[in-house]
Structures are given as structure tokens and as C-alpha cells.
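K.L.:
With chain A's structure known, arrange chain B on it following the hints.
Protein chains: 2
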Amino acid sequence: MYFLLKFAPLFLAVSVCHGWLFGDFVGKQKELDEISLWPLPQKFQSSAVAFKLSPARFQIVHAKESSAGPSCSLLENAFRRYFEYMFGERKKHEKSRKKAFDSDLVELKVWITAADPECDGYPSLQTDESYELSVDEPSAVLKAANVWGALLGLETFSQLVYEDDYGVNNINKTVISDFPRFAHRGILLDSSRHFLPLKVILANLEAMAMNKFNVFHWHIVDDQSFPYMSRTFPELSQKGAYHPFTHVYTPSDVKMVIEFARMRGIRVIPEFDTPGHTESWGNGMKGLLTPCYSGSTPSGTFGPVNPILNSSYEFMAQFFKEISTVFPDAYIHLGGDEVDFNCWKSNPDVRKFMEQQGFGTDYRKLESFYIQRLLDIVAATKKGYMVWQEVFDNGVKLKADTQIHVWKERPQYQDEMAQVTAAGFSALLSAPWYLNRISYGQDWVNIYKADPQNFTGTDAQKKLVIGGEACLWGEYVDATNLTPRLWPRASAVAERLWSDKSVTDVSKAYNRLVQHRCRMVKRGIPAEPLFVGHCRHEYKGL
Amino acid sequence: MYFLLKFAPLFLAVSVCHGWLFGDFVGKQKELDEISLWPLPQKFQSSAVAFKLSPARFQIVHAKESSAGPSCSLLENAFRRYFEYMFGERKKHEKSRKKAFDSDLVELKVWITAADPECDGYPSLQTDESYELSVDEPSAVLKAANVWGALLGLETFSQLVYEDDYGVNNINKTVISDFPRFAHRGILLDSSRHFLPLKVILANLEAMAMNKFNVFHWHIVDDQSFPYMSRTFPELSQKGAYHPFTHVYTPSDVKMVIEFARMRGIRVIPEFDTPGHTESWGNGMKGLLTPCYSGSTPSGTFGPVNPILNSSYEFMAQFFKEISTVFPDAYIHLGGDEVDFNCWKSNPDVRKFMEQQGFGTDYRKLESFYIQRLLDIVAATKKGYMVWQEVFDNGVKLKADTQIHVWKERPQYQDEMAQVTAAGFSALLSAPWYLNRISYGQDWVNIYKADPQNFTGTDAQKKLVIGGEACLWGEYVDATNLTPRLWPRASAVAERLWSDKSVTDVSKAYNRLVQHRCRMVKRGIPAEPLFVGHCRHEYKGL
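Chains as they are written, first to last, in our numbering: chain A, 1 to 542; chain B, 1 to 542.
Bound conformation, chain A alone (with noise of 0.2 Å):
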């Protein structure tokens, strides 16, 4: 927030002589530099009038207007969020009697327009997220469709305020109107690689919040272990996890994650990775993975899911049975990706069953088997699903509505989205996105720059990009290192799946996000340093 300060008499200069800012961000951006909006909203307007925020006075409010009120838990929570947010330790409850000087703002009212404000909903990807915000004396109004776009607007009313030479918060005069520009916005965080705890995984849903992220993809379980405990099948977390009480996540953490996620407008979808990537299933399921070959006898060690037993596909039915019930969103992810053959070629049972099926040596016939005897199963459960590229690049029937994840950065992702759109399948944008990939220096700028629309298409295709993800790999993150190395990196991919397409300027995206990682960092989040400076509070922890 420093920074806000720093440059408030060029702000005011510049206010003075333009009236009213105007950022219809197509080349007017230059009075938006000093502003430290994340991701940077649609359409916004400011003035150089302040108005100042008692701690004492201010409240947040429901419009009369409004269809959500006082019984609305999920806005109540938010507007104690954001309180805390903007007035930190400040007493709330000790309200001063003293009447509001003329240049306080003294409440923000929320108005909720539809007749059912979703209170106890879930968001999803047909979700109205837009809103409107205006900052006026006596009164802001927050105006949204529903909370979810309510919840957007508060994060975005609390980036609004900043604190001048006395410590008093300040608001301009602004109005904003809202919206995303791509309806799916994630983070794949991975807690199979290394266990994450859950408080790591609330303070990055919390983090997520705050850069107006929707998605948490939950990348649960892999090869190396199982912390989901299963209510049907409890031996899979028994058995697979690196420890079966302290690795784990029990039903009523899983509840919690979404339910926390929830109340800050984020769907959890999860992702149970099959044929490949299923090391940690076998231990507590026996006979479920292939059993490789060495010559002619068992090595003892196995591959993917053996798919020609019946058993596998029973296994699966009832345990994404479960899965369908214990997790809300309308979408699975089934993962598919790096399916190793080899295994399935050494084993004689198996090579049988290609031969009886008529694949010949073509082992993506068999994937492609597995797949789709999967969907089938997943379909039935009325879910729909999210896939890695693998399997509609080999060529499995897909339902109309699948989404398609492009990972591969090369030989070109720009030829993946292409050919996805060109099929007809809704895109998702990861391959640029690989958080977890690491090198010395100011990496955020490669990553602010990928947009997900960037290729060779028609406007039919481009409308099928759904937005991206940024991946956060967990070979080499867990509860020690996981944040500072999401945040504020993540943050460029916030604002590329949020913002308008046309903003793309560089150093004016460093200045704003410079403040917004010193506003993650007083919130409490340790996001890492984009160069060198300092914030005006540091982070408190370790």
C-alpha cells in the first residue's frame, strides 16, 4: 500500500487536470498506474475526492433493497472478512457516537438483485459473476446479480481503500462495473506428492479469494499417496497414504475445504487421476492395477489399472459414486495423462485381450477402452467431466459438454487449443501455467503474458476457452514452501483470466502488482517479493 502514498501528489495532479479518470483500458490506462486494483476490473472510473473510513463508523450493510439480509451467513462472514481486511485490529464493536464528519464514507451497502440470492448455493461455471460498485458519500453501493458477484465486489471495495500519512483509511470517489472474462479461473494445488496440510490449503483458498480466482482444483491422490479417505473404500488411505492418521484427509476435512472454499465463491473440483498415475490405489485395492511381467513370470511390481477385469470397472462405479456425492460441483476432473504402456505390454493377459478386441499393438486403443468405459460410468452419476489432453488427442469419444485440459507445452499449446476448439470441446488453458517450473528472476512476466485465446481460430472457437489454471506441481512444494512460490506468481494469471484482453502492459502490471503483494503479505499471506523494496507491513510469520 506504500506505494499508493508515495505517488498520491502525481495522482492528485493528474486527477486535477482530467476531472474524472476515465480506463476504458484501450489505450487510456496511464491514470490507472497509481491505482492498486488486482486484477484490474472492466470498466472504472475515479476522482481525486477521498472520502475517509472510520473503523468506529463504517459498516457494511444489506440494501434494503436487497433479497439476501442478516440471515445470509455466507455474506455476513464475508463483510467481517472484509472489515478485518481493511481495519485489521481496529475495534469494530466499540461504535462511536460522534455523528460522520461530511467527508466520511460511512457505510458500504450490498444489494443483491435476483429474487435468490444463492446463500447457501455453490457457485458454478454458469455463475453471473459481475457487479457493480459505487463510491459516493454518504453511501457505497455494491450491486450483484447474486453473492457471488457480491463476494467479487467486496474484494475489490477493500482494494479501493488504502491508508494515508495518518494511518486513516481513504477511498475515491469511484465507479466500477465488473466482470470476468473467462468463467473458469484455477489452481491445481497437488497433495499427493507431498501431503499439504489443512491450513496451507484454507490460506490459499483464502489467497485465491483475493486475486478473484473460482477454481480450486484439488489434484488429491497420484502415484505416491492416497490422503483421501474413503467412506466406501477406507482401506485406499489405510494403505496409501504416507500415514493413515497424520496424512490424511477425512471426510469432514473435505467438507470443511469446500465449505471454506464456498464462502469465498470457489468450486472445489477434484481430480482422481486413472488409468496412470494409480501407484498409491493399488496398496489398498488389491487386483486393481496390472501386474507387470518380467519374461513370462510377475516382476511383482504393477502399472496402470488393469483394464480388462470387470472388477476395475465395479471398483470405479461405486467409488466415483461416492465422489459424485461427497463433492459438489457438477464437474470431476478423470485426469488420463502420461499412461505409461509398458506394463500393460508385458503382461500376457493383457497382450490376449488386444488381440480378442482387435487393437493389434496399438495400446491407445486400450487407453482409449478404459477411458471410455470410465466416462460411462462418471456420466451416470450425472457429473460432468474435465480430462488432460491425452485423451482427446488419442481419440476417445467424448460428451459434448467435456472439457479438455491442454498441459503440454510443447510441440506448440497454441495448435492443442486449436484443434480442442476446432472439435467443438470447451478448452482450459494450463500449458504456460506450470507454477511449479522455477528459474532466477522476474518469471511472472513470461506468465502474464500467455493468454489463452492467443491462437489460429474462428470467434466460434475462441468462445470455447473456458479460461486456465495455474499448476503448482507438488514434487517439490509442500506446507514450507507452497504459498511464497504461488504468490503473487499466481496473481499473473489472475489477471490475464479476469481483465480485459487488452491489458498487457507490463510495467504498469508490476507497479499494481508490487502493492497487491504487500496487501496479500498484511493480510497475512507470504507472498514472496517481485524484485527488490519493502512493504509497509512485512510479514509477520517466519
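Don't read these hints as lab results, they were simulated from the structure. Think of the CB as a built atom: it goes at the ideal place given N, C-alpha and C, for glycine as much as any other residue.
Partial chain B-side listing against chain A, Cβ under 7 Å, derived:
no., residue
1, Phe195
2, Tyr242
3, His247
4, Ala479
5, Asn481
6, Glu528
7, His534
8, Tyr539
P.N.:
Just chain B, lined up with the frame of chain A:
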């Protein structure tokens, strides 16, 4: 620590065959895979016989013969610290009246053999850091000439302790004779590019002690900020720090760092780098820096310290007089790296001075002129000095005991080490250990492989290598990410500087380092993971 358990059966099996495991580290390292000592001691014998440690009965005590006793607060403090590391939350003061079992280890006796235990002293380059440790029933004995060796032995003792399946602490019958390969084993932290809160510095001193590092090279000021609060020149930090109150080290902060380090056997060597890297000094000391010119007029910007004014040297004399009393160590690091000549070249007064001195256009001569006078000033304070390699490269006349700090990776740091030592100077290596530079994957391996004596030279030259330092420059790190970025990567440097030259096996090192990293995590240091896996006690912070 989980590793010890996992491999306990293997460990026992091997032990039974050999009776005593003998590790002289020249080819016979096999049995040592299963222990978690880091850095590996010089001489080590262990047996399969294990003793139990009861938190209610076990004590660390002064040996009767010891020259140190309960009035030695450094040791008393260390006893408590290591008891806490070994037993954690478990109560110390509720002593059991039950008789010890035969299988118990009831005490560790610490025996200081020299007449002066140095309880209230400071460690130095000449300190005898050797110790001998014998673990047997009913007592273990740690013998060292002074408290510094005892601190190192306490760390080793604590590393020998492991939890069995019941969570009970065990220790195997062991004899260790240990001493460091190099006398100077340092970590450089940079508190100028980002201010480092005191607790971050203290936490890293803790971690240093866990790795037997013995020098904290405090790169305390630089171009970006001047957080050192000087009593003589308070304006330096008032105007040169990021913030004069929240982003400075007060005299009492500095004292605390020095005392905290002393309690852990760590020297604090401050660096005040001149004549370059001094931009922040100029804010609080008008006239100190060289005014740069644009054509025939001053441009308003400033370059290195102005070497042509007597006032510059008068200032330095006063300043380093203060520094020499504030920091008790016998050495000060004077920097001297990366001096940019452009500003000097632009300044007509400097050019005139060059002419008068007969320097022609060789600005290295001007740099040497400055450094020479500075060295004389510092020598008058009775301090020794360290300098970056440029000072040697530029042919400055140096005292025989000057330590040359080699940092440039190219063209070949090995050649520089050869040249410095051929000229008879002590050399310190940092070139391969710039840990601020990061890349994806297990970069600790190359860090581990570098060896300070790996250059062409005589035995006498090799003896002039006094050690090395891992450097974590501050451009991209602050309180949010410093600690996990430094550890356990710096641990690789720690073993290189402590253990025998022959200890180079990467896969054995990996196994021990995984355990050592989990031990640091258990003790509250957020050391990042080396690769996939888990710790029995995961990090409890964020």
C-alpha cells in the same frame, strides 16, 4: 526421522555382522546410510546396541572434571535448547523417582578440558572446534577443549537420537571424534535489498547451528537501503533505510543478533561495502558520493564514494571506528566489488585528480587508491579484513592476513582460487554457492559437488583456503520466502565445509539430507523438501 525407523531392520542386520560399524569414510560408508548425521563427522563408530532416553530422567550435566559449571550460561542455555529439540513438549521438570532401567541412558556429561572454557568469549577463526563424543551406559560423555566444541558436540548428540515405533527416544552406542575440515563456514544474508525482520535472522542463526555453520556474514547495507542504525551518524538510517523506525536495526537489535549467534558458536562479520554499492549512504551523508555529470553540469545522480575528498576518508575513519567497537569479531568485510567507473569518468574534478596523481585513464588505479586508504583506516582499528576478489584482482596492496572472497563463477573460479593462494593470501569460496540463483529440480547436487580445494596448486596453497560461504543475495527474498529457499540447500555447503574431503557420495548424502531436513522442520525451520515424500512431523507454520 521416519527414515531411521523404516530402515531399522536393515541397520540391525548389518550391525550384527560387523559388531561395530566403523566409518573412516574412505570407501567404507555403506553402514552409514542409515544414520541421519549432517554434516557427517570425521570419525564415527556405532553399534546396534540401543539405549532409551526418558524425558523424566535424562539430563545433560557438567562433568565433574569440567572447567565449566552452572555459571556458564552459554552451556546452560545450550543444554536446555538441545533437551527441547530432543524431547519437545514433554515435561522436563516433572522428574520421575523411578529407578532407571538398565537399558536407559541417564545422562550426557559435558567435559570442557581447557582451563578457560570461554563461556563469555567469542568464537574466532582460530577456535579449536573439535570434540569427542562417547555414548555408552549409563552415561554419555562429550569432551571438548572449550564451549565451542561442546556446542558442536551437543548438536551431534541430538542428531543421534531417534524415535522408535512407540515414539520413545533411542540412541545407539556410539563413539565419535570430530573436527571441521575448514575453519570458516559461513552464510551471507542481505538485509538491504529487502529488510529482514529480526526473527528471520534469528531463525536462520538457529538453522546455521543445526548445520555447524560458524560465520554469519551480514551484508547489512547496500545501494537499496541502509538499515544499520549508527550512533555516530544516525542520519544514515534515518534517511537511508526503507523506513526510519520499522525497517532498521537498532544498536540493541545488533547486540541481540551478536549474542544470539555467540550462544550458538557463530561469529558475526558485518559487511560495509564501499566505494560502490553505496547509493543509500548518500541520503544521510551529503557530499560522500561522487556527483555524476551529464556533459559539463552535474546530472543530479551520484556514483561511488568520492575518492578525491579528504572528507570521505574522515567519515570512513569515524564510521569504522564505531563498527569496530559494535562488532566484536576480529574481521570486517569491506566489500570492494563491482565499482562502476562511469560516474567517476563523467566528473571533471575526478578527472583532474586522476591527472594530478598520474593515473592516466586507468580508473582501477583510482579505485585502488581509495581502497588502500580505507584499508589503512580499518587496520588502525586493529581489525582484520575480508574483501571481494576485485580488490585482489586490481592489485591493491594488502596486509598478509587479508582474506580474499572469491565470488565470480566465470571464467573459472578455480583459477582465481589458485591465483589468490599463490600470492599467499587466505581464500574463501562463494562462487558456486550463490543460493539466490534457483532452478527447477534438485540443484543441491551441484552445490554439494563443488569443493574449495579443487584447483591446481601446492599443499601450501590448499592450506590457505580457510573455507567458504553460501550467499543468499536479497533481490528476490524477504521474510516470506528466505528460510525455505536457503534450507536445506545451504546444508549441502555445510557438509562440504565440515566433513572429510572423501565424503562425496550423492545418493548416500540424499538419504541423510532427507532426514536432516525433516529434523529441521520438526525444530520449526521451514526447510523445503528435496523431492517427493513426507516427514513424520510436518511443518506446523504456514
